[in-house]
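K.L.:
Here's the letter readout for the chains.
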Amino acid sequence: MFRFFASRLLQSALALLIIITATFFMLRFVPGGPFTAEKAVTPEILRNLEAHYGLDQPLWKQYADYLGSLLRGDFGPSFKYPNRTVNEILGDKLPVSLELGSLSLALALLMGIPLGIIAATRRNSWIDYCASTFGMTGLSVPTFVVAPLLVLALSIHMGWFNASGWYSPEDRVLPSLVLGFAYAAPISRLTRGGMLEILSQDFIRTARAKGASELRIIFKHCLRGGLLPVVSYLGPAIAGILTGSFVIETIFQIPGLGREFVNSAFNRDYTLVLGTVILYAALIMMLNLAADVAQAWMNPKVRLAR
Amino acid sequence: MGRRILFRLLGLGLAAALSALLPACSPRESAVEHGNRLKILHRGIGPDLADLDPHLATGPGDHSALSALFEGLITEDPKDLSPAPGVAERWQVSDDGLTYTFFLRGNARWSNGDPVTAEDFLASWKRVLSPTLQADNASLLFPVQGAEAYHRGKTGNFHEVGFVAPDSRTVRITLERPTPYFLNLLQHWVWWPVPIAVLEKYGSIESRSNRWARPGTLVGNGPFTLKEWRAGQRIVVEKSKTYWDAANVQLNAIHFHTIDDVNAEERAFRAGQLHITEALPLAKIDSYRTNAPDVLRIDPYLGTYFYRINVSVPFLNSVAVRRALSLAIDRVALGRSLLHGGQMPSGTFTPPGTGDYAPPAGITSNPDAARALMAEAGFPGGKNAPPIEILYNNSENHRVIAEAIQEMWRRELGIDARLHTMENKSVLNARSAGNYQILRSGWIGDYNDPMSFLAIWRSDSGNNYTHWANAAYDRLLYEATRTPDAAARLQILQRAEEMLLSESPLIPLYHYTHVFLIQPSVQGWYPTLLDHHPYKHVRLIDTPAQ
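Chains as they are written, first to last, in the numbering used here: chain G, 1 to 306; chain H, 1 to 546.
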């Protein structure tokens with residue numbers, strides 16, 4: 001067990017270093033820089049700006065300096081926002097994305113898993129067809145269609161919610177619903193598939209023969225195995241959902257990490273791009289690891305010491 | 001039996017989850033109605049500001065929030081933006097137009113209660129010109145004697161710059177040469193004072209990283225004070241108690257909503273969250289014109305949409321070819337069918353009405369003349385003409401216009417124009433490197449004078465980018481700066497623009513307008529060329545949201 005964790009951590013650290021290095025150098029080869037602006041600044045100003053942020057140093061030196069400051073937990077200053085650091089920006093935006101992500105995830109699980117279970121236990125009934133329709137709709141209708149439609153109906157016509165913003169508890173409802181809906185669909189499909197596979201196995205027939213109640217069969221015998229596909233899906237899905245969704249954050253104007261992730265690249269805010277990439281990569285690695293551990297716990301066929 | 005219980009349980013779970021998320025589902029008082037009642041203005045201002053330090057602000061949109069927090073020596077008339085008393089209650093201009101003396105009012109105060117003094121202004125300008133602050137707009141101080149030399153580090157002695165404070169309530173500015181638009185220039189935010197004593201508490205005053213301009217530490221001298229800045233959401237300002245003209249400030253607070261998506265902003269307006277939007281998607285203009293004309297506003301704006309031509313490229317180095325390209329474009333058709341009547345098609349570079357200036361007769365559509373010019377240049381009917389490339393940054397609007405122009409050039413001149421699109425910073429990079437043939441561009445005036453437009457085509461201008469250099473043009477502009485008579489000066493500028501258009505290093509297409517939505521409850525929001533609206537003249541009346 002210890003060896004498993006140690007080797008996985010080592011692998012992750014190495015992967016992270018590769019990601020940081022690749023991102024660092026790729027950014028520098030993209031045309032345009034942080035101070036490329038619509039209106040020209042004088043060459044003196046440009047030179048001073050570059051000196052202020054150390055961009056006049058050789059690239060290898062900048063890279064070494066950056067790694068050094070990373071080791072101290074310092075992501076550096078933002079190029080776009082002169083008096084804010086990347087640490088501050090991430091500290092500001094990550095909690096927003098985490099909140100939106102957790103709410104959406106809770107909704108996705110609350111909608112997706114029960115629907116999947118019902119669809120599996122009532123296979124080929126109208127409930128199953130409804131659940132499948134829900135699943136297919138969720139998969140095929142993008143959030144940028146669902147979100148404005150909901151805003152139109154519930155904000156503009158009914159006046160129940162704000163169309164955008166992230167101030168009151170009510171402002172959480174529409175974005176979480178839309179994002180939750182998008183993730184509920186695959187979860188319900190995966191749950192249904194996983195449950196069907198387990199339901200057709202011999203030990204379920206044995207349980208039924210022994211007179212176990214349907215509830216007991218589902219919750220005690222089926223669920224653990226039936227949710228395995230969901231668990232392996234959840235690793236990367238949670239990382240995606242927690243680090244924010246550019247589309248949802250733009251439509252509802254939520255000050256989360258997703259928008260920063262995209263905009264920082266357009267702004268060539270080198271340090272902010274790196275900060276968001278590192279955060280995202282670390283989160284994906286951690287959650288994949290968690291998903292592996294959860295799978296091993298749920299499925300005796302999987303062993304951690306690989 | 002078991003199954004039924006299971007379904008009930010699951011149903012209950014779902015219902016509980018949904019009901020937890022649907023509190024108070026009933027129509028409420030909207031932000032606009034609430035604002036009308038309590039005199040709180042909700043204004044959309046586009047993307048978030050990078051900084052609230054007026055010396056580091058860059059975008060024209062930054063003025064929207066900063067003008068609530070700071071005030072310069074002079075302010076603007078709400079209707080025509082002509083100079084009005086600000087911190088200076090009056091001013092004198094010497095007969096030779098070189099010396100401006102400003103007399104500061106005794107009751108001008110910072111929001112921490114300290115008086116605003118002449119020394120504050122001088123220290124602020126020293127800061128702007130400091131080579132270490134890297135203020136983008138420092139060049140707007142260059143008309144002042146010695147300012148440019150100080151900024152470029154040619155002298156380290158600030159006493160050589162034409163700023164003097166004979167006493168704490170008098171500021172005297174000596175110019176390098178007469179600058180008739182100097183008072184307009186003073187309205188730019190880079191000229192506003194910052195509280196030097198406060199800045200000193202948070203680090204070097206000449207460092208970009210000084211952290212004074214934040215909620216809790218920012219001290220201003222404008223009609224409002226900073227209450228809250230939630231990055232990516234809103235900036236909240238409240239009426240200042242220390243402002244010298246507080247009695248005439250009608251609003252209690254302003255919420256600046258930093259919404260960077262125009263569609264989201266329009267939805268927020270419809271949901272009653274905004275009094276005023278920053279913009280309106282072009283595609284929605286027609287619908288508002290038909291269904292809600294009373295909230296739609298189309299104001300003139302000091303900006304021009306045009307194509308730069310790289311005159312160092314063979315084929316495009318021919319004046320006849322460039323003129324032909326410009327003459328072959330039917331600007332009226334562009335405006336009618338693509339811009340939904342929102343913008344003003346134009347054949348000149350400087351927008352009409354810029355500081356009393358009348359632009360020359362612009363370029364109008366004339367395909368016959370264009371074809372004749374092409375023949376004269378040796379490319380009759382486009383024969384032997386090489387393909388040319390139009391470069392623009394990713395945008396639906398730019399694409400549609402480029403496609404229309406591509407078709408006009410093909411039809412009228414037989415020229416094969418190819419479209420090339422890139423992301424914005426890559427386009428700007430190609431522009432600096434001169435790595436383009438024809439480039440989609442825009443220019444927004446910094447101040448209300450034709451010089452703000454014509455100066456970019458000088459051969460030494462950092463914003464020219466076309467490789468077009470004309471000594472006669474440079475001379476005309478130089479002559480204009482040395483002509484004290486206002487009318488004569490404008491005539492010289494008109495001649496310069498005529499020359500510019502006849503050589504066509506650029507193809508003017510249209511002048512921007514500011515298209516936005518505004519609630520009828522907002523009063524005192526006049527159409528102004530720079531989209532400036534001195535907030536102390538803005539009122540809200542109590543009417544239901546539209």
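Where hints are given, some of them may not hold.
Stated by the list, open to error - So these bits of chain H aren't anywhere near chain G, every CB distance computed over 10 Å:
#	residue
1	Ala138
2	Gly381
3	Gly462
4	Pro520
Claimed, not checked - Calculated cross-link-like contacts (lysine to any residue; reagent style SDA-like; alpha-carbon spacing at most 25 Å):
#	chain 1	residue 1	chain 2	residue 2
5	G	Lys39	H	His532
6	H	Lys284	H	Ala246
7	H	Lys154	G	Lys61
8	G	Lys39	H	Phe182
9	H	Lys39	H	Ala246
10	H	Lys154	G	Leu27
11	G	Lys39	H	Ile541
12	H	Lys284	H	Ser30
13	H	Lys154	G	His52
14	G	Lys39	H	Tyr181
15	H	Lys39	G	Trp160
16	G	Lys39	H	Phe103
17	H	Lys201	H	Phe182
18	G	Lys39	H	Asp299
19	H	Lys425	G	Trp160
20	G	Lys61	G	Arg72
21	H	Lys425	G	Ala22
22	G	Lys61	G	Phe25
23	H	Lys154	G	Ile20
24	H	Lys79	H	Pro352
25	H	Lys39	H	Ile541
26	H	Lys425	G	Asp56
27	H	Lys425	G	Arg72
28	H	Lys126	G	Tyr81
29	G	Lys39	H	Lys284
30	H	Lys425	G	Asn48
31	H	Lys425	G	Ile20
32	H	Lys39	H	Pro352
The set of hints was computed from the structure by calculation and includes no laboratory data.
As the structure is a prediction and not an experimental result, all values here were calculated from the model.
Virtual Cβ for every residue (Gly too), placed ideally from N, Cα, C.
K.L.:
Check whether the Cα positions of G/Lys39 and H/Asp299 lie no farther apart than 25 Å.
P.N.:
Since the Cα atoms of G/Lys39 and H/Asp299 sit roughly 24 Å apart, the hinted pair holds (cutoff 25 Å).
K.L.:
Should the label of H/Gly462 as a non-interface residue stand, given a Cβ cut-off of 10 Å to chain G?
P.N.:
Violated, since 3 Å does not exceed 10 Å.
K.L.:
Keeping to a limit of 25 Å between CA atoms, is the pair of G/Lys39 and H/His532 held or broken?
P.N.:
holds, 20 Å
K.L.:
H/Lys425 and G/Ile20: Cα distance at most 25 Å?
P.N.:
It holds: about 22 Å lies between the C-alpha atoms, which stays within 25 Å.
K.L.:
Measure nothing beyond the straight line between the CA atoms of H/Lys39 and H/Ile541; if it is 25 Å or shorter, mark the hint as holding.
P.N.:
holds, 8 Å
K.L.:
Sort out whether G/Lys61 lies within 25 Å of H/Lys154, counting only the CA atoms.
P.N.:
violated, 31 Å
K.L.:
Is the straight-line distance between the alpha-carbon of H/Lys425 and that of G/Asn48 25 Å or less?
P.N.:
holds, 20 Å
K.L.:
Using Cβ atoms and 10 Å as the threshold, tell me whether H/Pro520 really stays out of contact range of chain G.
P.N.:
holds, 18 Å
K.L.:
Holds or violated: G/Lys39 with H/Phe182, Cα cutoff 25 Å?
P.N.:
holds, 21 Å
K.L.:
Mind checking the alpha carbons of G/Lys39 and H/Lys284 for me, to see if they're no more than 25 Å apart?
P.N.:
Distance ~29 Å between G/Lys39 and H/Lys284 Cα, so the pair is violated.
K.L.:
Holds or violated: is the Cβ of H/Gly381 farther than 10 Å from all Cβ atoms of chain G?
P.N.:
Non-interface label stands for H/Gly381: nearest chain G Cβ at 37 Å, farther than 10 Å.
K.L.:
Quick one: work out the minimum CB distance from H/Ala138 to chain G and report holds if it exceeds 10 Å, violated otherwise.
P.N.:
Incorrect as stated: the minimum Cβ-Cβ distance to chain G is 7 Å, not above 10 Å.
Comparing the model with each numbered hint stated earlier shows that hints 1, 3, 6, 7, 10, 11, 16, 17, 19, 23, 27, 29, 32 do not hold.
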